[in-house]
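K.L.:
Top line first, the protein sequences correspond to chains A and B.
Each step along the first sequence adds one to the number in the numbering used here, with nothing skipped, and position 68 is 1406.
Each step along the second sequence adds one to the number in the numbering used here, with nothing skipped, and position 147 is 154.
The set of hints was computed from the structure by calculation and includes no laboratory data.
There may be inaccurate statements among the hints.
Said to hold, decoys possible - Quick list of in silico lysine-lysine cross-link-like pairs, DSSO-like style, CA-CA up to 30 Å:
#	chain 1	residue 1	chain 2	residue 2
1	B	Lys150	B	Lys247
2	B	Lys110	A	Lys1367
3	B	Lys150	A	Lys1367
4	B	Lys230	A	Lys1401
5	A	Lys1390	A	Lys1367
6	A	Lys1399	B	Lys227
7	A	Lys1390	B	Lys110
8	B	Lys227	A	Lys1390
9	A	Lys1367	A	Lys1341
10	B	Lys227	A	Lys1367
11	A	Lys1401	B	Lys227
12	B	Lys91	A	Lys1367
13	A	Lys1399	B	Lys228
14	B	Lys230	A	Lys1390
15	A	Lys1401	B	Lys228
16	B	Lys227	B	Lys110
17	B	Lys110	B	Lys228
18	A	Lys1390	A	Lys1401
19	B	Lys110	A	Lys1341
20	B	Lys230	A	Lys1399
21	B	Lys148	B	Lys215
22	A	Lys1367	B	Lys228
23	B	Lys110	B	Lys91
24	B	Lys150	A	Lys1341
25	B	Lys215	B	Lys247
26	B	Lys148	B	Lys91
27	B	Lys215	B	Lys227
28	B	Lys230	A	Lys1367
29	B	Lys228	B	Lys150
30	B	Lys227	B	Lys150
31	A	Lys1390	B	Lys228
For reference, the chains in residue letters:
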Amino acid sequence: MDKRVMTLALNDREMQALEQLAERHGLTKVGVLRQALRAYQLLDERANQGQKLFIEDPLTKEKTELALMVA
Amino acid sequence: MPTRWQRVSPHSGAMALVPMSVLIDNIELLRINDNTVVSAEIYLGLDERHLRDHELSWRPPMLQAARDARAYCTDASGNVDVGKFATELARLRLQDFHWDWRKVNATSAALSGCSAIAIECDGHAQGLMIIDTENHASRLKPKGQTIAYVELLTSAPWNRGTFIPTAQFGLAGYALVATAISVSRRNSLNGRVGLHSVSGAVGFYANKCGMTSFGPDPIKKNKLVYLEMSSQQSDAFLAKLTARRGVP
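Here chain B stands alone, though its shape is the one from the complex (with noise of 0.2 Å):
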């Protein structure tokens, strides 16, 4: 696969080996303020100007309401309600506010069996994924086959409507599992897909997708809640998104 050479950070000129992006695959988004379904673009491999919308569109909203978070969790006397905070970050859909996807994207490019997926509309990055599909296996009947494990996955912070009140696009969330799913179909794992999941998005993968919940992980220092999806349950996701292009 053909390479670039990509900066692992913006403050230093240490450069990591990644592989160039590719578009590979089309799917529909939702644009809010006419209703209209548009043509967004897969591809696979962050480009620059992915990284560059992540650092210069999305983080600095994010960290914005993040502070905001921080100071109304915070007393007279500077201390934090640090529960509180994580509770304020989960009802805004925050969680990930800190990710630093330059060093994501260069760290998972080092890694056998990863890939990073951007999903791009009207010259945008509107969501980035990392996926893994050689190093994680199923829970579900029959366990043990290899899946298409999600190691991360964001949307534009103008897609999520919480911080930011109005979204640009809808079904953010639904195309990138539906990528998900298509990678898993694309490297021979029929559809099979799982993740851990944020405790603000874990009734979006069990209700709104089907997914079969397992619970807090007792081996994840955390206790995020492990989802796992059926080649079964893929089809009938893709299935009822594609009947009704609405939220289901």
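Extracted from the complex, chain A is given alone in its bound form (with noise of 0.2 Å):
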């Protein structure tokens, strides 16, 4: 599958998350963020089908609509 290259600009605090986020799930920082893709990708398709996302405290079962934003 062809590839095409782009270069991402981070504040100090977006790095620091990303690189946080590799190093919990031992992966690249490329890695991440093709995974948050893909997570993006599910979530908002299913936002268009009219779905909500829900989050769920395994303690006291108590939920919480999420809902995605764009910055």
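Mind assembling these two chains? They're in different frames, but the hints should get you there.
P.N.:
Right, dumping it as structure tokens:
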């Protein structure tokens, strides 16, 4: 599959978050970004179908709706 | 890279674009019945013949052995002892019996950095692997370097020496690890390899292959054990394999 290259500028906080996620999950920074893209794509598809995303507290079972926001 | 269309399932007409299979290297296996070293081919990309080998030759005995194991773990009332079944699958090295390699191949073809590998000997697939050379980083020092990460790895059921008691080829597991190292080197990753292992195979990777175990990985749902091999460990493994041409 052909690939295209892009350059990405991140501020210190974003880069720190990226590095922490990479270390926690044993991924390269590129690997984190690719997984994030796939996750965003999936969530976006479901949201476009009218579905809602919830996160659940494992202890209290309380559910909170998660809304996708574009910065 | 040249591509071809592959059916995603034998039961539907859905198709996926996957890389064509290309011979990239050779590796040695040990033919058990006459104790001779034979040459096997390593292919980058799975061809239809590899997938059909898995569907028609690998899966039927694996599914039957899994059914037998399940029956063994079922009481008179029809309740399955799930823990006992999991232990039995690990003992028989059958924890991959449900993997659909046709679907796996189609899925991995769409992911950047992922490649499918087949080891073929005597005209049949003897080992299959999905390996990622872009997205995973080393946990061994120096941390954060890109490694060749084995997403999935499996050998033909007749080479496992468990539910089919007489193995056809020895060294198949070692050949798969050696192939992962070869792919790592081809991608300028200096032989660095990592993988998450099912419980039944941890001893092989840690004790026989010399990989460093990080124990159960908390980020994995079923707490698979993460193991990794540094460049130096890869060199040592290959040197042992070459020198002894037997079980290290």
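K.L.:
Decide, hint by hint, whether the structure agrees.
P.N.:
Hints, verified against the model:
no.	hint	in the structure
1	B:Lys150 / B:Lys247	holds (26 Å)
2	B:Lys110 / A:Lys1367	holds (27 Å)
3	B:Lys150 / A:Lys1367	holds (13 Å)
4	B:Lys230 / A:Lys1401	holds (26 Å)
5	A:Lys1390 / A:Lys1367	holds (29 Å)
6	A:Lys1399 / B:Lys227	holds (22 Å)
7	A:Lys1390 / B:Lys110	holds (28 Å)
8	B:Lys227 / A:Lys1390	holds (25 Å)
9	A:Lys1367 / A:Lys1341	holds (17 Å)
10	B:Lys227 / A:Lys1367	holds (19 Å)
11	A:Lys1401 / B:Lys227	holds (23 Å)
12	B:Lys91 / A:Lys1367	violated (40 Å)
13	A:Lys1399 / B:Lys228	holds (19 Å)
14	B:Lys230 / A:Lys1390	holds (29 Å)
15	A:Lys1401 / B:Lys228	holds (21 Å)
16	B:Lys227 / B:Lys110	holds (21 Å)
17	B:Lys110 / B:Lys228	holds (21 Å)
18	A:Lys1390 / A:Lys1401	holds (12 Å)
19	B:Lys110 / A:Lys1341	holds (23 Å)
20	B:Lys230 / A:Lys1399	holds (23 Å)
21	B:Lys148 / B:Lys215	holds (22 Å)
22	A:Lys1367 / B:Lys228	holds (22 Å)
23	B:Lys110 / B:Lys91	holds (29 Å)
24	B:Lys150 / A:Lys1341	holds (27 Å)
25	B:Lys215 / B:Lys247	holds (10 Å)
26	B:Lys148 / B:Lys91	violated (38 Å)
27	B:Lys215 / B:Lys227	holds (24 Å)
28	B:Lys230 / A:Lys1367	holds (23 Å)
29	B:Lys228 / B:Lys150	holds (23 Å)
30	B:Lys227 / B:Lys150	holds (20 Å)
31	A:Lys1390 / B:Lys228	holds (23 Å)
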